[in-house]
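Asker: Listed here are the chains, written in short residue letters.
There are 2 protein chains.
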Amino acid sequence: MDDEVARGTTAAGDPPHPDAPRRAAADAAPGDPQGRGSDFLLLDAAAVPATGKADWLAGRLRQAIADGRLAVGGRLPSTRLLAAELGLSRGVVTEAYRRLAEDGRTEGRRRGGTVVVAAPRPEPAAPEAPPDPAPDALFTGEPTTDVFDALRAAPARVDFTPGRPDLAVFPRTAWLRAERAVLAELSADTLGYGDPRGAPRLRRAVTDWLARSRGIRVSPDEVIVVAGTAQALALLNPVLRAEGVDAVAVEEPGSLGTRQHLHYAGLATPPVPVDEDGVRVDALRATGARAVLLTPAHQFPTGVVTSGERRRELLRWAQEGGLILEDDYDAEHRYDRPPVQALRALLADRVCYLGSVSKLLAPALRIGWTVPPPRYRAALTDAKRFTDLGNPVLPQLVLARLMESGDLERHLRMLRGRHRRRRDAVMAAVGEHLPGAVVHGAAAGLHLTVTYPQDVPDTALAAAALARGVKCHPLSWHRQLPGRPGLVLGYSATPPGVAAEGVAALGRALRELSS
Amino acid sequence: MDDEVARGTTAAGDPPHPDAPRRAAADAAPGDPQGRGSDFLLLDAAAVPATGKADWLAGRLRQAIADGRLAVGGRLPSTRLLAAELGLSRGVVTEAYRRLAEDGRTEGRRRGGTVVVAAPRPEPAAPEAPPDPAPDALFTGEPTTDVFDALRAAPARVDFTPGRPDLAVFPRTAWLRAERAVLAELSADTLGYGDPRGAPRLRRAVTDWLARSRGIRVSPDEVIVVAGTAQALALLNPVLRAEGVDAVAVEEPGSLGTRQHLHYAGLATPPVPVDEDGVRVDALRATGARAVLLTPAHQFPTGVVTSGERRRELLRWAQEGGLILEDDYDAEHRYDRPPVQALRALLADRVCYLGSVSKLLAPALRIGWTVPPPRYRAALTDAKRFTDLGNPVLPQLVLARLMESGDLERHLRMLRGRHRRRRDAVMAAVGEHLPGAVVHGAAAGLHLTVTYPQDVPDTALAAAALARGVKCHPLSWHRQLPGRPGLVLGYSATPPGVAAEGVAALGRALRELSS
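Keeping their order, the protein sequence lines are chains P and D. Just so you know, we're using the working numbering here: the first sequence kicks off at 57 and counts up by one. Just so you know, we're using the working numbering here: the second sequence kicks off at 57 and counts up by one.
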């Protein structure tokens with residue numbers, strides 16, 4: 057039987073049927089006529105390598121099975137025949153066959169030789185990459201979970217997408233210098249599994265940073281390093297669930313991205329209107345929600361700084377049993393006003409603080425921290441452990457060095473100057489090209505919000521702007537309730553001249569749509 | 057009223073009561089006698105800085121409130137008095153007071169001056185750091201979720217903890233070189249928010265790696281970069297739940313860590329015995345579970361390589377509707393046998409492949425990948441998006457370069473040589489010091505499992521070993537069902553001489569316990 061030769065039992069090019077192993081094997085009766093040797097395997101004696109012959113042969117046979125040249129139910133050539141054709145010893149061929157059997161690809165049959173019993177199932181044709189989204193499609197209907205990916209993929213000359221600092225000046229040299237130092241002094245143990253709360257050195261550096269810049273005085277044991285605020289929200293979900301919380305009130309208007317994260321976790325997001333003093337606490341009480349997500353230092357997207365009176369009201373609400381998730385996303389970016397301390401500094405056991413370097417250095421670093429109320433620490437540590445066993449250690453240690461050395465503060469000062477000039481340029485351009493528009497919340501942050509009196513839906517305006525090569529968020533993306541139309545313009549990544557050109561294009565688009 | 061002076065309404069050292077704001081404020085009747093000026097604030101005119109005076113004063117006042125020197129309900133000194141005492145202009149003092157009001161710390165009362173209404177709640181005393189765990193406590197009862205943290209924290213001369221490659225030879229120079237190149241060529245956009253599935257360049261490099269070393273041929277669009285296998289399991293949870301899967305069968309014995317991850321997600325883990333051919337498919341069928349987590353290339357902890365016959369049975373089970381989670385955790389580490397291909401190469405739509413660099417480079421990098429069945433791709437992408445918005449980009453690009461340049465393969469070859477020598481040393485020492493013990497699964501991997509005939513619980517042996525300065529896992533940690541006692545010895549991080557000494561100590565401990 058060793059002399060019998062394989063033939064394909066399915067026509068060439070016929071993809072194996074899902075049920076092929078059993079069906080085709082039954083078709084492969086012993087006693088098939090002698091056949092074609094190994095020609096159909098496209099093997100070439102001259103291609104046999106000097107070493108690793110069995111490896112090579114097994115690889116070629118696997119490829120033949122994957123391609124369908126050696127179909128399920130087909131038999132392999134006899135070891136004697138194949139060895140002779142390729143000038144190999146029979147031991148090499150036997151070894152290659154053994155490996156295929158070990159893979160589960162073939163099976164020895166007493167009188168049927170070695171038969172192919174399993175082939176890689178061909179992948180369903182990958183869906184075509186979607187074409188560049190049409191501006192209209194992007195801004196039509198409820199934004200989908202991948203709407204930010206789609207907007208990012210859209211080509212544009214001027215990018216006012218909010219949420220990033222000026223990434224062109226990321227401190228590459230300082231980062232590399234710190235990384236060299238980290239790698240030079242690192243102990244081998246540090247490269248193993250570590251504390252899920254993060255590297256102790258970074259937690260110390262964050263503690264110092266929070267005390268210095270945000271008025272929060274805690275010990276490193278109270279800090280959990282996370283992969284940005286997005287992850288902090290994901291980690292909080294099981295903790296909130298365990299307390300019976302199924303809704304987190306959010307600011308109205310408020311960040312669409314944040315709301316999508318809460319919805320993915322199955323949490324309701326009752327909206328609470330924001331006025332010129334911050335979120336309205338009477339409306340918060342009326343929702344009945346036991347938790348609220350706030351951006352008190354610089355509300356997104358309105359830029360409102362929560363007033364002292366409103367802070368006191370919020371703290372009173374929290375002391376009566378409410379939980380405040382304080383998203384301090386761009387507190388360090390301020391131009392025309394003194395810093396406002398974090399709420400967490402005032403009420404440790406009812407405020408969960410969330411911060412990150414996304415707006416200080418770069419979102420792609422995926423490093424942030426949370427300072428939870430003490431009673432949540434253990435549960436959040438477990439949540440982090442079972443989400444990813446902790447953040448990657450090298451970037452944590454590099455960041456710790458940048459914080460310790462003052463490099464991060466120097467970078468932030470430099471950013472402030474650049475961002476302020478860019479903000480001024482956008483504001484001037486708005487004054488010139490969008491008459492009647494109102495600018496909100498420009499004293500701080502990385503974006504400003506513009507509302508306009510014309511009766512033009514902001515999604516239509518954003519679509520028209522994108523068609524003209526200008527990318528921005530319609531304000532209505534960040535609303536759950538009806539409200540004035542507007543645009544959210546991130547100015548940090550856009551040089552002043554380009555920004556002016558972009559705002560001029562917005563002005564033209566608005567004029568056309570409202571005429 | 058501006059002339060009135062604060063006094064503390066609660067005794068010094070008395071921590072503010074949770075309800076303090078309203079209660080204490082009511083106590084603070086106007087018309088308190090003129091008081092002590094600002095002495096109690098411990099302010100010193102000589103300490104006033106040349107610039108940033110209002111900042112400085114606000115900071116000192118916040119500190120006084122935090123310390124309780126200026127208690128809730130107490131009034132601030134009049135601006136006139138404090139300005140005179142400190143040699144400041146009244147405008148500076150007014151500005152500092154305004155900031156406290158903005159914080160929500162103070163409130164102006166018409167006739168009561170400026171009153172403190174909120175103080176930072178003192179943190180509950182941080183729990184004492186737990187003492188080094190006693191060896192007995194670590195190995196008593198069901199292992200807790202932080203058992204690996206506790207074991208890591210325990211001091212030891214010889215560390216046989218399994219699961220890490222030799223971290224002393226992590227390729228620091230190659231890593232730094234690659235990082236320099238990455239930072240030099242990086243576009244600013246790459247530092248923003250990115251594709252939640254990971255950097256396209258790494259997904260391409262992983263695709264090539266999987267084709268070359270694991271026989272898996274897929275496109276980069278089918279790869280999702282994750283923070284290690286631990287995260288892949290977390291991401292799969294909502295996907296499995298959506299299909300009504302509430303149990304994932306696991307190998308018996310099988311990894312405790314993996315089981316803890318599944319349990320945290322609320323999944324049951326019915327055990328399926330492993331024999332010398334791999335997991336028993338008849339027993340798998342009997343559990344009724346629709347998903348199973350396997351380590352087919354080198355079973356943890358037994359080291360069994362799933363046989364060809366068993367692979368075929370598994371694929372049949374999967375084709376009938378089962379889902380295989382293939383944890384390919386150390387497939388690249390093999391010494392005495394040829395590579396076995398991944399199951400994912402044979403059955404794309406019923407096998408979800410999980411791989412990582414934890415055993416190739418270092419666990420602390422937290423980089424892995426999953427190649428899911430096509431129908432899970434979109435849901436897993438969303439799960440990754442809402443868990444952390446994607447892995448950090450810099451380490452991804454560095455790893456991609458190491459894969460492209462061949463540095464990773466060179467590193468792996470070097471590791472194989474080192475690990476093989478270390479394995480040989482441990483095996484020789486076991487032969488010498490643990491007579492009657494049986495070594496399992498030493499042809500590959502980073503650990504071996506030793507069972508012994510003596511009637512000594514392996515937790516007692518592991519505790520006695522740790523008391524002698526030798527760290528390892530008792531085999532029973534990795535069992536759900538009763539079975540022979542044993543130890544799991546990771547040898548990769550332990551030089552041959554040290555390993556011999558460690559095994560000798562294990563031998564002495566076992567003799568004492570069994571006599």
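Keep in mind that the hints are not guaranteed to be accurate.
The list treats identical chains as interchangeable, and a pair is accepted whether it falls inside one copy or across any two copies.
[As the list claims (entries may be wrong)] Derived SDA-like pairs (lysine to any residue); straight-line CA-CA distance at most 25 Å:
#	residue 1	residue 2
1	Lys109	Pro394
2	Lys109	Arg476
3	Lys109	Asp222
4	Lys109	Val554
5	Lys109	Arg233
6	Lys109	Pro294
7	Lys109	Thr201
8	Lys109	Glu299
9	Lys109	Arg524
10	Lys109	Phe226
In short, the hints are calculated from the structure, not lab data.
Asker: Hints first: check each against the structure and report whether it holds.
Answerer: Comparing the hints with the structure gives:
Taking the closest pair of Cα atoms, Lys109 and Pro394 come within 25 Å of each other only across two copies (12 Å); inside a single copy the shortest separation is 73 Å, beyond that limit. For a Cα distance limit of 25 Å, the shortest separation of Lys109 from Arg476 across copies, 24 Å, qualifies, whereas the shortest one inside one copy, 67 Å, does not. In this assembly of identical chains, the alpha carbons of Lys109 and Asp222 never lie at most 25 Å apart, being 55 Å within a copy and 31 Å across copies at closest. In this assembly of identical chains, Lys109 and Val554 lie within 25 Å of each other by CA distance neither inside one copy nor across copies; the values are 62 Å within and 39 Å between.
For the homomeric pair Lys109 and Arg233, neither the shortest alpha-carbon distance inside one copy (47 Å) nor that between copies (36 Å) is at most 25 Å. Taking the shortest Cα distances, Lys109 and Pro294 never come within 25 Å of each other, neither inside one copy (54 Å) nor across copies (45 Å). For the homomeric pair Lys109 and Thr201, neither the shortest alpha-carbon distance inside one copy (50 Å) nor that between copies (48 Å) is at most 25 Å. In the homo-oligomer, the alpha carbons of Lys109 and Glu299 never lie at most 25 Å apart, since the shortest distance is 63 Å inside one protomer and 45 Å across protomers.
In this homomeric assembly, Lys109 and Arg524 never come within 25 Å of each other (Cα to Cα): the closest approach is 60 Å inside a single copy and 49 Å across copies. Taking the closest pair of Cα atoms, Lys109 and Phe226 never come within 25 Å of each other, the shortest separation being 51 Å inside a single copy and 32 Å across copies.
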